[in-house]
Amino acid sequence: MKVGLFLTNQQRLDADMVTALDEQIAMARLARDRGWDSLFSGQHYLNEGDNQQLQLVPFLARLIPEAGDMRVGLGVLLLNLHNPVYVAETVATLDVISGGRLIFGVGLGYRDVEFDAFDVPRGVRAERFEEYLALVQRLWTEDSVSHDGETCRLDGVRMNIRPVQRPRPPIWIAANNDPAIRRAAHLGDAWFINPHSTVETIRRQLAIYRDELGLRGRPTPRELPAIKEVFCARDRAAALEQAGPYLRGKYADYARWGQDEAMPDDETFDQEFADLLRDRFVLGSPEECFEQLRPYWEEFGVDHLVLRTHWAGMPAQTALDSMRLISDELLPALHAVEPRATA
1 MKVGLFLTNQ QRLDADMVTA LDEQIAMARL ARDRGWDSLF SGQHYLNEGD
51 NQQLQLVPFL ARLIPEAGDM RVGLGVLLLN LHNPVYVAET VATLDVISGG
101 RLIFGVGLGY RDVEFDAFDV PRGVRAERFE EYLALVQRLW TEDSVSHDGE
151 TCRLDGVRMN IRPVQRPRPP IWIAANNDPA IRRAAHLGDA WFINPHSTVE
201 TIRRQLAIYR DELGLRGRPT PRELPAIKEV FCARDRAAAL EQAGPYLRGK
251 YADYARWGQD EAMPDDETFD QEFADLLRDR FVLGSPEECF EQLRPYWEEF
301 GVDHLVLRTH WAGMPAQTAL DSMRLISDEL LPALHAVEPR ATA
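So in this note's numbering, spot 283 of the sequence shown is number 283, and the numbers just go up one at a time.
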(Lines of atoms letter the chains of each structure in order from A and count residues from 1; the text may use other names and numbers.)
(Lines give C-alpha, C1' and ligand atoms only; values in the text may rest on other atoms or scores of the structure.)
Protein backbone atom coordinates (compact mmCIF):
# COMPACT_ATOMS: atom_id res chain seq x y z
CA MET A 1 0.00 0.00 0.00
CA LYS A 2 1.26 3.46 -0.93
CA VAL A 3 0.28 6.36 1.33
CA GLY A 4 0.15 10.00 0.30
CA LEU A 5 -0.53 13.33 1.99
CA PHE A 6 -3.17 15.76 0.73
CA LEU A 7 -2.06 19.27 1.68
CA THR A 8 -4.65 21.95 2.40
CA ASN A 9 -3.84 25.07 0.39
CA GLN A 10 -7.11 26.60 1.65
CA GLN A 11 -7.17 28.79 4.77
CA ARG A 12 -9.54 31.09 6.63
CA LEU A 13 -9.53 34.80 5.74
CA ASP A 14 -7.72 35.81 8.91
CA ALA A 15 -4.79 33.49 8.16
CA ASP A 16 -1.39 34.92 7.22
CA MET A 17 -0.84 33.08 3.96
CA VAL A 18 2.96 33.39 4.10
CA THR A 19 2.92 31.65 7.48
CA ALA A 20 0.36 29.15 6.23
CA LEU A 21 2.62 28.31 3.28
CA ASP A 22 5.56 27.75 5.63
CA GLU A 23 3.36 25.39 7.64
CA GLN A 24 2.40 23.39 4.55
CA ILE A 25 6.06 23.15 3.60
CA ALA A 26 6.79 21.79 7.10
CA MET A 27 4.11 19.13 6.58
CA ALA A 28 5.59 18.21 3.19
CA ARG A 29 9.06 17.85 4.75
CA LEU A 30 7.73 15.69 7.57
CA ALA A 31 6.02 13.41 5.04
CA ARG A 32 9.22 13.22 2.97
CA ASP A 33 11.40 12.43 5.98
CA ARG A 34 9.02 9.86 7.45
CA GLY A 35 8.60 7.75 4.33
CA TRP A 36 5.25 8.84 2.89
CA ASP A 37 4.89 8.08 -0.81
CA SER A 38 3.13 11.03 -2.46
CA LEU A 39 2.00 14.62 -2.09
CA PHE A 40 -1.21 16.15 -3.49
CA SER A 41 -3.22 19.33 -3.33
CA GLY A 42 -6.38 20.67 -4.98
CA GLN A 43 -7.84 23.62 -6.85
CA HIS A 44 -10.66 26.13 -6.61
CA TYR A 45 -11.15 29.68 -7.85
CA LEU A 46 -13.08 32.56 -6.26
CA ASN A 47 -13.40 30.92 -2.86
CA GLU A 48 -16.58 32.00 -1.11
CA GLY A 49 -17.23 32.83 2.53
CA ASP A 50 -14.39 32.63 5.05
CA ASN A 51 -11.85 31.06 2.67
CA GLN A 52 -8.78 31.98 0.68
CA GLN A 53 -6.66 29.59 -1.33
CA LEU A 54 -3.26 29.39 -2.98
CA GLN A 55 -3.48 28.36 -6.61
CA LEU A 56 -2.60 24.74 -7.28
CA VAL A 57 0.09 24.91 -9.99
CA PRO A 58 2.46 27.42 -8.35
CA PHE A 59 1.80 25.85 -4.95
CA LEU A 60 2.75 22.41 -6.23
CA ALA A 61 5.78 23.81 -8.06
CA ARG A 62 6.99 25.29 -4.75
CA LEU A 63 6.48 21.95 -2.98
CA ILE A 64 8.23 19.74 -5.54
CA PRO A 65 11.75 20.63 -4.30
CA GLU A 66 10.64 19.63 -0.78
CA ALA A 67 9.19 16.30 -1.90
CA GLY A 68 12.38 14.27 -2.26
CA ASP A 69 11.49 10.99 -3.94
CA MET A 70 7.75 11.32 -3.31
CA ARG A 71 5.42 11.43 -6.29
CA VAL A 72 3.48 14.67 -6.60
CA GLY A 73 -0.03 15.05 -7.91
CA LEU A 74 -2.65 17.51 -9.08
CA GLY A 75 -5.57 16.51 -6.93
CA VAL A 76 -7.26 17.83 -9.00
CA LEU A 77 -6.90 20.36 -11.82
CA LEU A 78 -10.30 21.61 -13.01
CA LEU A 79 -9.61 20.74 -16.61
CA ASN A 80 -12.48 22.33 -18.51
CA LEU A 81 -11.75 25.77 -17.01
CA HIS A 82 -8.37 25.97 -18.74
CA ASN A 83 -7.19 26.23 -22.31
CA PRO A 84 -5.82 22.80 -23.30
CA VAL A 85 -2.56 24.22 -24.68
CA TYR A 86 -1.98 25.90 -21.32
CA VAL A 87 -2.73 22.61 -19.55
CA ALA A 88 -0.50 20.53 -21.82
CA GLU A 89 2.52 22.82 -21.49
CA THR A 90 2.02 23.52 -17.78
CA VAL A 91 1.63 19.87 -16.80
CA ALA A 92 4.61 18.90 -18.97
CA THR A 93 6.61 21.59 -17.17
CA LEU A 94 5.57 20.24 -13.76
CA ASP A 95 6.57 16.74 -14.84
CA VAL A 96 10.00 18.10 -15.78
CA ILE A 97 10.34 19.97 -12.47
CA SER A 98 9.39 16.79 -10.58
CA GLY A 99 11.82 14.63 -12.54
CA GLY A 100 9.00 12.55 -14.01
CA ARG A 101 7.09 11.88 -10.79
CA LEU A 102 3.89 13.81 -11.57
CA ILE A 103 0.35 12.41 -11.42
CA PHE A 104 -2.11 14.30 -13.62
CA GLY A 105 -5.31 14.39 -11.59
CA VAL A 106 -8.26 16.07 -13.27
CA GLY A 107 -11.89 16.76 -12.50
CA LEU A 108 -14.94 18.41 -13.99
CA GLY A 109 -15.75 20.73 -11.08
CA TYR A 110 -19.17 21.63 -9.73
CA ARG A 111 -19.29 25.34 -8.76
CA ASP A 112 -21.27 27.69 -10.99
CA VAL A 113 -19.13 30.67 -9.97
CA GLU A 114 -16.09 28.96 -11.51
CA PHE A 115 -17.89 27.85 -14.67
CA ASP A 116 -19.30 31.35 -15.15
CA ALA A 117 -15.92 33.02 -14.56
CA PHE A 118 -14.28 30.87 -17.25
CA ASP A 119 -17.29 30.98 -19.59
CA VAL A 120 -18.11 27.27 -19.52
CA PRO A 121 -21.86 27.12 -20.24
CA ARG A 122 -24.21 24.49 -18.89
CA GLY A 123 -24.72 21.67 -21.33
CA VAL A 124 -21.12 21.65 -22.62
CA ARG A 125 -19.15 21.03 -19.43
CA ALA A 126 -18.69 17.27 -19.76
CA GLU A 127 -18.21 17.52 -23.52
CA ARG A 128 -15.53 20.19 -23.07
CA PHE A 129 -13.79 18.11 -20.41
CA GLU A 130 -13.55 15.18 -22.80
CA GLU A 131 -12.42 17.42 -25.69
CA TYR A 132 -9.68 19.05 -23.64
CA LEU A 133 -8.40 15.79 -22.13
CA ALA A 134 -8.08 14.20 -25.57
CA LEU A 135 -6.38 17.29 -26.99
CA VAL A 136 -3.85 17.52 -24.13
CA GLN A 137 -2.80 13.93 -24.79
CA ARG A 138 -2.48 14.58 -28.53
CA LEU A 139 -0.27 17.61 -27.85
CA TRP A 140 2.01 15.44 -25.70
CA THR A 141 2.37 12.63 -28.23
CA GLU A 142 1.75 13.80 -31.81
CA ASP A 143 4.08 15.73 -34.11
CA SER A 144 1.31 17.63 -35.91
CA VAL A 145 -1.93 18.55 -34.17
CA SER A 146 -4.89 20.24 -35.82
CA HIS A 147 -8.09 21.01 -33.97
CA ASP A 148 -11.09 23.17 -34.73
CA GLY A 149 -12.99 23.62 -31.48
CA GLU A 150 -15.16 26.36 -30.09
CA THR A 151 -12.45 27.59 -27.71
CA CYS A 152 -9.20 26.28 -29.23
CA ARG A 153 -8.07 26.18 -32.88
CA LEU A 154 -4.80 24.59 -33.93
CA ASP A 155 -3.37 24.16 -37.43
CA GLY A 156 -0.60 21.58 -37.66
CA VAL A 157 1.18 22.62 -34.47
CA ARG A 158 3.81 20.67 -32.58
CA MET A 159 4.24 21.17 -28.84
CA ASN A 160 7.97 20.88 -28.22
CA ILE A 161 7.93 20.67 -24.42
CA ARG A 162 6.97 17.11 -23.54
CA PRO A 163 6.49 15.29 -20.23
CA VAL A 164 9.40 13.25 -18.91
CA GLN A 165 7.06 10.26 -18.51
CA ARG A 166 6.35 8.61 -21.83
CA PRO A 167 3.93 8.68 -23.37
CA ARG A 168 2.49 10.82 -20.55
CA PRO A 169 1.92 11.07 -16.79
CA PRO A 170 -0.82 8.83 -15.37
CA ILE A 171 -4.29 10.37 -15.58
CA TRP A 172 -6.45 10.02 -12.47
CA ILE A 173 -10.01 11.28 -12.87
CA ALA A 174 -11.95 12.45 -9.84
CA ALA A 175 -15.62 11.57 -9.98
CA ASN A 176 -18.55 11.74 -7.56
CA ASN A 177 -21.73 10.77 -9.39
CA ASP A 178 -22.50 7.73 -11.49
CA PRO A 179 -22.12 9.29 -14.98
CA ALA A 180 -18.76 10.75 -13.93
CA ILE A 181 -17.66 7.31 -12.69
CA ARG A 182 -18.39 5.87 -16.14
CA ARG A 183 -16.47 8.75 -17.75
CA ALA A 184 -13.47 8.02 -15.51
CA ALA A 185 -13.55 4.37 -16.60
CA HIS A 186 -13.23 5.10 -20.29
CA LEU A 187 -11.05 8.23 -20.25
CA GLY A 188 -8.56 7.81 -17.40
CA ASP A 189 -5.96 5.46 -16.04
CA ALA A 190 -7.74 5.36 -12.67
CA TRP A 191 -10.79 6.62 -10.86
CA PHE A 192 -9.49 8.90 -8.08
CA ILE A 193 -12.00 7.87 -5.40
CA ASN A 194 -13.35 10.86 -3.51
CA PRO A 195 -13.32 11.42 0.28
CA HIS A 196 -16.94 12.60 0.40
CA SER A 197 -18.94 9.40 -0.06
CA THR A 198 -19.79 6.68 2.40
CA VAL A 199 -18.23 3.24 2.17
CA GLU A 200 -21.58 1.91 0.95
CA THR A 201 -21.74 4.44 -1.91
CA ILE A 202 -18.16 3.65 -2.96
CA ARG A 203 -18.96 -0.06 -2.89
CA ARG A 204 -21.89 0.50 -5.27
CA GLN A 205 -19.94 2.85 -7.53
CA LEU A 206 -16.94 0.54 -7.81
CA ALA A 207 -19.26 -2.01 -9.34
CA ILE A 208 -20.33 0.63 -11.89
CA TYR A 209 -16.69 1.51 -12.55
CA ARG A 210 -15.63 -2.09 -13.12
CA ASP A 211 -18.66 -2.83 -15.28
CA GLU A 212 -17.80 0.17 -17.45
CA LEU A 213 -14.18 -0.95 -17.76
CA GLY A 214 -15.46 -4.30 -18.99
CA LEU A 215 -17.86 -2.72 -21.48
CA ARG A 216 -15.05 -0.57 -22.85
CA GLY A 217 -12.62 -3.48 -23.00
CA ARG A 218 -10.25 -1.65 -20.68
CA PRO A 219 -7.91 -3.39 -18.22
CA THR A 220 -8.08 -3.17 -14.44
CA PRO A 221 -6.15 -0.01 -13.43
CA ARG A 222 -2.52 -0.52 -12.49
CA GLU A 223 -3.20 1.69 -9.49
CA LEU A 224 -6.45 2.41 -7.64
CA PRO A 225 -6.20 5.58 -5.51
CA ALA A 226 -8.56 7.03 -2.90
CA ILE A 227 -8.54 10.22 -0.83
CA LYS A 228 -9.66 9.86 2.79
CA GLU A 229 -10.25 12.33 5.62
CA VAL A 230 -8.13 10.87 8.44
CA PHE A 231 -7.14 12.18 11.86
CA CYS A 232 -5.15 10.21 14.43
CA ALA A 233 -5.06 10.89 18.18
CA ARG A 234 -4.80 8.75 21.31
CA ASP A 235 -8.44 7.65 20.91
CA ARG A 236 -11.60 8.48 18.99
CA ALA A 237 -12.86 10.98 21.56
CA ALA A 238 -9.63 12.97 21.36
CA ALA A 239 -9.64 12.82 17.55
CA LEU A 240 -13.20 14.14 17.44
CA GLU A 241 -12.35 16.94 19.86
CA GLN A 242 -9.23 18.02 17.95
CA ALA A 243 -10.39 17.56 14.37
CA GLY A 244 -14.18 17.71 14.55
CA PRO A 245 -14.70 21.50 14.39
CA TYR A 246 -12.47 21.87 11.31
CA LEU A 247 -13.79 18.84 9.48
CA ARG A 248 -17.33 19.99 10.23
CA GLY A 249 -16.44 23.45 8.85
CA LYS A 250 -14.98 21.96 5.66
CA TYR A 251 -18.15 20.03 4.88
CA ALA A 252 -20.37 22.98 5.79
CA ASP A 253 -18.43 24.89 3.12
CA TYR A 254 -18.97 22.02 0.66
CA ALA A 255 -22.71 22.17 1.36
CA ARG A 256 -22.81 25.94 0.78
CA TRP A 257 -20.80 25.61 -2.43
CA GLY A 258 -23.16 23.02 -3.90
CA GLN A 259 -20.90 19.96 -3.71
CA ASP A 260 -24.05 17.96 -2.88
CA GLU A 261 -25.31 18.63 -6.41
CA ALA A 262 -22.39 16.64 -7.83
CA MET A 263 -23.01 13.70 -5.49
CA PRO A 264 -25.35 10.71 -5.92
CA ASP A 265 -28.95 11.35 -4.95
CA ASP A 266 -28.61 9.53 -1.63
CA GLU A 267 -25.62 11.63 -0.46
CA THR A 268 -25.99 14.95 1.34
CA PHE A 269 -23.80 17.00 3.67
CA ASP A 270 -26.82 18.81 5.11
CA GLN A 271 -27.11 16.62 8.21
CA GLU A 272 -25.96 16.48 11.80
CA PHE A 273 -22.20 16.04 12.10
CA ALA A 274 -22.57 12.75 13.99
CA ASP A 275 -24.56 11.39 11.05
CA LEU A 276 -22.14 12.86 8.51
CA LEU A 277 -19.23 11.12 10.24
CA ARG A 278 -20.76 7.68 10.04
CA ASP A 279 -19.17 5.40 7.42
CA ARG A 280 -17.41 8.40 5.84
CA PHE A 281 -14.50 9.86 7.87
CA VAL A 282 -11.65 8.03 9.62
CA LEU A 283 -10.92 9.30 13.14
CA GLY A 284 -9.41 7.65 16.20
CA SER A 285 -6.29 5.92 17.43
CA PRO A 286 -3.92 4.48 14.81
CA GLU A 287 -5.44 1.05 15.45
CA GLU A 288 -8.99 2.39 15.08
CA CYS A 289 -8.05 4.24 11.88
CA PHE A 290 -6.48 1.09 10.45
CA GLU A 291 -9.68 -0.86 11.03
CA GLN A 292 -11.86 1.89 9.54
CA LEU A 293 -9.66 1.90 6.42
CA ARG A 294 -9.63 -1.90 6.08
CA PRO A 295 -12.48 -2.15 3.48
CA TYR A 296 -10.47 -0.02 1.07
CA TRP A 297 -7.81 -2.66 0.50
CA GLU A 298 -9.54 -5.85 1.57
CA GLU A 299 -12.73 -5.32 -0.42
CA PHE A 300 -12.10 -2.50 -2.91
CA GLY A 301 -8.49 -3.20 -3.90
CA VAL A 302 -7.31 0.36 -3.25
CA ASP A 303 -3.51 0.43 -3.25
CA HIS A 304 -2.80 4.16 -2.92
CA LEU A 305 -4.43 6.00 0.00
CA VAL A 306 -4.09 9.79 0.06
CA LEU A 307 -4.78 11.10 3.57
CA ARG A 308 -6.01 14.60 4.38
CA THR A 309 -5.41 15.35 8.04
CA HIS A 310 -5.56 19.16 8.02
CA TRP A 311 -8.49 21.43 7.19
CA ALA A 312 -8.94 25.21 7.03
CA GLY A 313 -8.66 26.83 10.43
CA MET A 314 -6.90 23.92 12.14
CA PRO A 315 -3.65 24.93 13.87
CA ALA A 316 -0.68 23.50 12.02
CA GLN A 317 0.64 21.89 15.20
CA THR A 318 -2.57 19.88 15.54
CA ALA A 319 -2.17 18.53 12.02
CA LEU A 320 1.54 17.82 12.58
CA ASP A 321 0.68 15.86 15.74
CA SER A 322 -1.70 13.71 13.71
CA MET A 323 0.92 13.29 10.96
CA ARG A 324 3.54 12.15 13.48
CA LEU A 325 1.19 9.60 15.00
CA ILE A 326 0.25 8.37 11.53
CA SER A 327 3.96 8.17 10.61
CA ASP A 328 4.90 6.27 13.78
CA GLU A 329 2.04 3.79 14.02
CA LEU A 330 -0.38 3.82 11.08
CA LEU A 331 1.99 4.26 8.13
CA PRO A 332 4.09 1.11 8.84
CA ALA A 333 0.91 -0.96 9.14
CA LEU A 334 -0.46 0.44 5.87
CA HIS A 335 2.83 -0.07 4.05
CA ALA A 336 2.69 -3.73 5.08
CA VAL A 337 -0.77 -4.22 3.58
CA GLU A 338 -1.15 -6.26 0.38
CA PRO A 339 -4.33 -4.95 -1.27
CA ARG A 340 -6.70 -7.61 -2.50
CA ALA A 341 -6.60 -8.03 -6.25
CA THR A 342 -10.01 -7.33 -7.77
CA ALA A 343 -11.32 -8.04 -11.22
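Do not take every clue at face value.
Here are the simulated distance ranges between beta carbons [said to hold, decoys possible]:
id, residue 1, residue 2, range
1, G217, H147, 22 to 28 Å
2, D143, T93, 15 to 21 Å
3, Q271, H335, 47 to 53 Å
4, Q271, R158, 48 to 54 Å
5, E48, H186, 17 to 23 Å
Because the hints were derived from the structure by calculation, they are not lab data.
These numbers were taken from a predicted model, which means no experiment stands behind them.
Glycine is no exception: its CB is placed at the ideal position from the N, C-alpha and C atoms.
Evaluated hints:
| no. | hint | in the structure |
| --- | --- | --- |
| 1 | G217 <-> H147: 22 to 28 Å | 26 Å, holds |
| 2 | D143 <-> T93: 15 to 21 Å | 20 Å, holds |
| 3 | Q271 <-> H335: 47 to 53 Å | 35 Å, violated |
| 4 | Q271 <-> R158: 48 to 54 Å | 52 Å, holds |
| 5 | E48 <-> H186: 17 to 23 Å | 33 Å, violated |
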